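Engineer: Just so you know, the sequences run in chain order A and B. Each residue of the first sequence is one higher than the one before, counting from 1 in this note's numbering. Each residue of the second sequence is one higher than the one before, counting from 1 in this note's numbering.
Keep in mind the hints are simulated off the structure, nothing from the lab. Values in this document were obtained by computation on a predicted structure and should not be read as measured data. Glycine included, each C-beta is placed from N, C-alpha and C at the ideal position. Each hint should be verified, as a subset may be incorrect.
[As the list claims (entries may be wrong)] Keeping only pairs whose Cα atoms sit at most 25 Å apart, straight-line, the calculated DSS-like set for lysine-lysine is: (1) B:K339 x B:K310; (2) A:K460 x A:K310; (3) A:K265 x A:K236; (4) B:K36 x A:K151; (5) A:K48 x A:K36; (6) A:K119 x A:K145; (7) B:K72 x B:K308; (8) B:K375 x A:K375; (9) B:K426 x A:K426; (10) B:K119 x B:K100; (11) A:K100 x A:K236; (12) B:K151 x A:K36.
[What the hints assert, rightly or not] If we take Cβ atoms under 8 Å as the criterion, some of the chain A residues that face chain B in the derived model are: (13) S156; (14) H233; (15) D414; (16) H416; (17) D433.
There are 2 protein chains.
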Amino acid sequence: MHKILVAIATFGLTSAAFAQADTTMMREIYRQSLTKGEAYDDLRYLTKEIGHRIAGSDRAEKAVKWSESLMKTLPFDRVYLQDVTVPYWDRGAPEKAIIKENQDTLQVLALGGSVGTPKGGLEAEVLEIEYLSELQNHGEDVQGKIVFVNKPWDESLVETGTAYGLNTAQRSRGPAAVAKFGGVAYLFRSLSSSTRDDFPHTGGTRYVEGIDSIPAMAISVVSAERLHSALQHNPKAKVYLEQHSGWKGPVQTHNVIAEWRGTEKPDEIITIGGHIDSWDVGEGAHDNGTGTMGTLDAIRTLMKLGYKPKHTIRLVFYMNEENGVHGSTRYGELAAQNKEKIIAAIESDAGGFAPRGFDIKASRASVDWIQATWKPLFEQQYWVSRFLEGSPGVDSGIWAEQFPNTVMFNFRPDPHRYFDLHHTAKDVFEAVDRRELQSGVAAIASLLYLIDSQIDQLPK
Amino acid sequence: MHKILVAIATFGLTSAAFAQADTTMMREIYRQSLTKGEAYDDLRYLTKEIGHRIAGSDRAEKAVKWSESLMKTLPFDRVYLQDVTVPYWDRGAPEKAIIKENQDTLQVLALGGSVGTPKGGLEAEVLEIEYLSELQNHGEDVQGKIVFVNKPWDESLVETGTAYGLNTAQRSRGPAAVAKFGGVAYLFRSLSSSTRDDFPHTGGTRYVEGIDSIPAMAISVVSAERLHSALQHNPKAKVYLEQHSGWKGPVQTHNVIAEWRGTEKPDEIITIGGHIDSWDVGEGAHDNGTGTMGTLDAIRTLMKLGYKPKHTIRLVFYMNEENGVHGSTRYGELAAQNKEKIIAAIESDAGGFAPRGFDIKASRASVDWIQATWKPLFEQQYWVSRFLEGSPGVDSGIWAEQFPNTVMFNFRPDPHRYFDLHHTAKDVFEAVDRRELQSGVAAIASLLYLIDSQIDQLPK
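Using the sequences and the hints, build the whole thing.
Structural biologist: In structure tokens, the structure reads:
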């Protein structure tokens, strides 16, 4: 009995001493990031001097080279590029969509991966539906028509990511489904959380082998409402469409990688990062300039504080998350081939709004342990309180299958405003708040510190 | 033993049934607020059609009358005005502050309550300090000088309210302290969380009887840095100041009150609201248009859902929080005089950003109970997770002393951006996001529902 009490007392003290050290370290991390952090300034360069950067484009390669040089200014042990071959898709000249009878110009953007219209554009009647599943009810009626999927966003969800997910399949599968029924083009109501939004939101789509490709466009919410009204008034109204997009063949580009060697277990790796490519509109500020510049700055924060990692911390800027995920696929292939031991991953690809927490892919016991041990360090003082079991990010998710035991964290900033500007011309530097961004950097740096110093304590 | 098990089973079932009903009700509240809420539209009217509204001004009275008519459109049982006498302070013609030697114009705003400069303005050398406590070291040197308190904001705190509180006493006590040492004017570095901010932030100040009043101004952060540089270059540099502000005597104005009568315990009252006045710059959007329009819309949300309150819900728009708190003082006096039983209060006066939770003034046991029982209803699905012991809002705090047993909730939206625009010309309608505001309305409506339906279960 006496021995047990002593053991408890000792454990209690050790625990308290650990917690005290963590509290002190986190205070220093937050002070450094909020007062001297450089993510915001780096983001300004990425967005204003380079701009949007779709995989395969010259700008994407400029972003790669600039990222590499930026990493080389920091005391990483190794900075290198990892070859990735991507299919380059180019939008071409601006799209057009006009309701013929009143010459009303609709706001549209080609969906990524879409083919162009035939030379001279195309003009056709429009079939408006909410769900692709309605196509079969219309049967032969679909032939020769532009199919317009006008499904409104579910505004009732605070978790806008869920609302987005409810309808992404209709974006990606639409063109093939419509082509199968003989439709000539696809118009898709933008996935926007704002009902007053006249910006089209682009995004990926895909075709199915053996079915002819047809042109596919996103139409803004406000324009979708106008087209709906026009069709109510005249169901035979015709729309003229013109777009010049298409695949331009494979291009060799790169993931950008930097390693900070572990002092105790250099062969055990913590991967942290996000995708460096963006869609080809706006400036890719929240998607995903904040994720790349933020994770880099999280590491820089620890470096500036003189921290020495136990494990190797590897920063990865993935190429081509937006239209192919070839970068993270390649990363996973090589890591598996080299039998690397990746013990944990942090991904940031949900914007640079006020930090709320992390979704965690780990055993139930590990998530419980993190909630009990790490969450209290964040929640009261730093307003970060969401540590829930959930999905890794898209890029980590790609290679998660080969690394089932890697504990994965997906950074979650506030979700309210992200899908107002996601994949649009509105996603620019000015939409990012410095304090919110640097608060997120501090949260990520704190988590990175906790993983590196305490991951061995996680229940198996 | 058998009886105990049955009791536990019954209690368990009842509990679960309650939780199920709460979950359903909250889903309806969120759906109503996010898809059909009207706080944002009401806010547009208040900010764009009425604008800023300092207590005692014609616009404040216009806001009172419009609020009264708005409340009368809803099925309240009683809508009335409560007389409040306020001292009306008027800014007069725009202020001027110019560094004489280079004619550099500084961005300034008179602090609320300040006297004007003598006719023709004043010109004097400047004594720059960080803390008022330094005045005694300077002794007679202060005489005839403009004292410039140039204390930077503590950027390292995520809780910006704490950073604000660190320095408000220097704003309010500065003029009296400086006058006591023979200083001729007071220049105070604005309480802004942004380091790149050229907008002055006004706010209240006060004098002490028996000491001559001197003019007091807030200077923008960027201008404060420029003045600091000028003084580094030439410590004898003079500054010219001109302002035309002053007290214009007492004005009778009003609190605006609406009551929704309880069906079971009409004599037990839940007070909810915030202040309707604002500073006399910008549009008083986040401070406190969102608090008044938001709490009104929270009640409207319950009304639209057909809810019948057990207790009387009383909406109060307090007058004069910003420069005197005469409205809430009067509210407390009358409530005490009438021996009212106010069981709970909700205040909203911290902006309309994404909702994070509520600070709670209640017994430790009650706070624990709320964390265990109500917090789980909010945190995962609605991203509202902060239910901590804390201060009530300023207005509730005024009458809390007379009502020590009232459980008080202070709505806490995200704190990152609030003090970028607080008390400035930047606090306009465009700075409010509809989704964030309506998400907060839903959180407040949900709390109001939980208080009304379950307050009897709170530990004593």
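Engineer: Is K119 (chain B) close enough to K100 (chain B), meaning Cα to Cα at most 25 Å?
Structural biologist: It holds: about 18 Å lies between the C-alpha atoms, which stays within 25 Å.
Engineer: Do the alpha carbons of K265 (chain A) and K236 (chain A) lie within 25 Å of each other, as the hint requires?
Structural biologist: Not OK: K265 (chain A) and K236 (chain A) at ~69 Å, beyond 25 Å, violated.
Engineer: Next pair to validate is K375 (chain B) with K375 (chain A); report whether the Cα-Cα distance is within 25 Å.
Structural biologist: Since the Cα atoms of K375 (chain B) and K375 (chain A) sit roughly 15 Å apart, the hinted pair holds (cutoff 25 Å).
Engineer: Within 25 Å, alpha carbon to alpha carbon, are K100 (chain A) and K236 (chain A)?
Structural biologist: Roughly 11 Å between the alpha carbons, so the hint for K100 (chain A) and K236 (chain A) holds.
Engineer: Is K151 (chain B) within 25 Å of K36 (chain A), Cα to Cα?
Structural biologist: Status holds; Cα separation ~18 Å.
Engineer: For the pair we were handed, K460 (chain A) and K310 (chain A), check the Cα-Cα distance against 25 Å.
Structural biologist: With Cα atoms ~19 Å apart, K460 (chain A) and K310 (chain A) stay inside 25 Å; holds.
Engineer: Given H233 (chain A) was flagged as interface, is its beta-carbon under 8 Å from a beta-carbon of chain B?
Structural biologist: violated, 26 Å
Engineer: Holds or violated: K72 (chain B) with K308 (chain B), Cα cutoff 25 Å?
Structural biologist: With a Cα-Cα distance of about 18 Å, the restraint between K72 (chain B) and K308 (chain B) holds, given a limit of 25 Å.
Engineer: Check whether the Cα positions of K48 (chain A) and K36 (chain A) lie no farther apart than 25 Å.
Structural biologist: With Cα atoms ~21 Å apart, K48 (chain A) and K36 (chain A) stay inside 25 Å; holds.
Engineer: Double-check S156 (chain A) for me: the hint is only fine if its C-beta lies closer than 8 Å to a C-beta in chain B.
Structural biologist: At 4 Å from the nearest chain B Cβ, S156 (chain A) passes the 8 Å test, so the hint holds.
Engineer: Hint validation: H416 (chain A) versus chain B, beta carbon distance must be below 8 Å. Holds or violated?
Structural biologist: holds, 5 Å
Engineer: Does K310 (chain B) sit within 25 Å of K339 (chain B), going by the straight-line distance between their CA atoms?
Structural biologist: With a Cα-Cα distance of about 20 Å, the restraint between K339 (chain B) and K310 (chain B) holds, given a limit of 25 Å.
The structure shown violates the earlier hints numbered 3 and 14.
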